[in-house]
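Q: Protein chains in written order, with this note's numbering: chain A, 20 to 344; chain B, 20 to 344.
It is possible that some hints are incorrect.
Because identical chains cannot be distinguished in the list, a pair is counted as satisfied if it fits within a single copy or across any two copies.
In the DSSO-like style, the derived pairs of lysine-lysine whose C-alpha atoms are separated by at most 27 Å in a straight line are [what the hints assert, rightly or not]:
id, residue 1, residue 2
1, K236, K316
2, K229, K316
3, K165, K155
4, K227, K64
For the record, the hints were derived by calculation from the structure and aren't laboratory data.
This structure is a prediction, so every number in the text was calculated from the model and none was measured.
Number of protein chains: 2
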Amino acid sequence: MTAALANVARAADPARPLAADPLPSWNDGAAKKSILQFVAGVTTKGSPEFVPPAERVAAFDNDGTLWAEKPMPFQAFFMLDRVKALAPQHPEWQTQEPFASLLKGDMKAALAGGERAASQLLMATHAGMTSGEFEKIVSEWVTTAKHPKTGRLFTEMVYQPMLELLAYLRANGFKTFIVSGGGVEFMRPWTERVYGIPPEQVIGSSIKTKFELRDGKPVLVRLPEINFVDDGPGKPVGIQMQIGRRPIAAFGNSDGDLQMLQWTAAGPGQRLCLYVHHTDTNREWAYDRASIGGLEKGLDEARARGWTVVDMKADWKRVFAFEKP
Amino acid sequence: MTAALANVARAADPARPLAADPLPSWNDGAAKKSILQFVAGVTTKGSPEFVPPAERVAAFDNDGTLWAEKPMPFQAFFMLDRVKALAPQHPEWQTQEPFASLLKGDMKAALAGGERAASQLLMATHAGMTSGEFEKIVSEWVTTAKHPKTGRLFTEMVYQPMLELLAYLRANGFKTFIVSGGGVEFMRPWTERVYGIPPEQVIGSSIKTKFELRDGKPVLVRLPEINFVDDGPGKPVGIQMQIGRRPIAAFGNSDGDLQMLQWTAAGPGQRLCLYVHHTDTNREWAYDRASIGGLEKGLDEARARGWTVVDMKADWKRVFAFEKP
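Bound-form chain A, shown alone:
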């Protein structure tokens, strides 16, 4: 950590040369500067902004913040693939909505049934098995399924600049958490390998589980009932439930992250609230206000309050690691 701190000190002092850039995929600009200054402030002993390592909690949204979310959140592809895989055991799905439309490849028609249809698809694919079985299903899917546009594994569709930011914060004593609307057990099998974030630092939406002894062997059975929705106002609730202290830095990309950023900003001392703004049609996607689960109120509030807004097109040298640098 000493070397990292020295780099931060140098980065914060423009007169001194930077030994090694901790954020090489970030272009120099206001966004990068705000990150470096924040980290320098909270890690410099004797600084009025100093925060003890135990309190250096950073919360990251996942979909659209750490990895892409277009043309639809990647968990929806998992759901689709699971419906296809399970269809032979459910001949009735050929004629029964929302399954019938989904099996014909028409996601839009499948979701026309609104929340009820979404819930049916979710429960048919996420409940009924044990937690161990579900972990295995996700692990297999995530190492084989490909993104329809790029042909890459979904876990390759993670943002290189955000990976650098995660590593940079950890090198400076931060504990990094995911706080996502996605399913917590959908993320945990791969977040440690892909993001360096262990399962106990992943907060997400969940269904209920039940402890049972099956032939004397204890299992946790996943029940078709929502336990917790970790989105919007649910994010501060989830943070308090699982972390029990307020983050000093929070990162999101949509209005579903707004309450998390508000909650983070409301603590004392220096805070870093950052929105990733999707502005790059060529290397990624460009969307905000018009998009479902988009960024509208959050963008206005970020500008009004001086939060960091990352312009992906201008601020990021590379979006994905697989791009040529």
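Guided by the hints, dock chain B onto chain A, whose structure is given.
A: Chain B alone, transformed into the frame defined by chain A:
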């Protein structure tokens, strides 16, 4: 950690002298030996029992395992004190049960109303305020309230041998978690100071909370509704929800911990499942089968499966730190 590992290696090898005993308040015996052997096995590289540090998760019950729980769980004293403190604002409590009996000091009569009475007392004292306000209330109480028998702060009624065990496990790369039926927000304000366990490693029972903006300031309001009961079959559920991986060591003292120990034992490789058995009428209390929330099935299962059972009277040199060594 190198020094700690060396000590473990020495401890596991009776032919070599022990440089410094990591568990000085434990008498030599089967319980202490089982702990030392387990830690030596999972931390020795190249050993077939080796477990990578990231997977060294240890789960501790709190009431009766890390601190005492007699004459009643300490959170009940908190509840009682809060009813007294709030009584002036609730003149109706003078005649309304269960409050009237409680205010007369008759806990037994107050709880005669069963679960409904207990729930009324719980919600009247634990809900209605913000999470920040509740943290302040608990912090003040825990630094001033005294145990009725010993006259000590409740946080002094922690078991010295268990503090040594927590430190020993952490020195060997373990992450130590509390998994308690007690209220999670009742524990978090003091577990870091008393046990070295940070808030994000505390799992407990909870009531629901709601995010609100009050005059533009975000708060989490504690609602009079149960969210999660972290006891019995709830403990493995809570562990999966918050940690997302199975502990390799678990410590309890009652049948409410049995499922946690079963869940821990069912994983592959070497496991440490340990029951603290209250056998010391002089220095602490002696109870098991006849006690409410006692140890009955768990004791039978521990003996049948060869789990470690700590005989407090025989195995512990000191129970509390305040005792003369």
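Q: Compare the structure with each hint and give your call.
A: Do the hints match the structure? See the list:
{"no.": "1", "hint": "K236 to K316", "in the structure": "between (49 Å within a copy, 16 Å between copies)"}
{"no.": "2", "hint": "K229 to K316", "in the structure": "between (38 Å within a copy, 20 Å between copies)"}
{"no.": "3", "hint": "K165 to K155", "in the structure": "within (18 Å within a copy, 50 Å between copies)"}
{"no.": "4", "hint": "K227 to K64", "in the structure": "neither (44 Å within a copy, 38 Å between copies)"}
Hint compliance for this structure: hint 4 is the single one not met.
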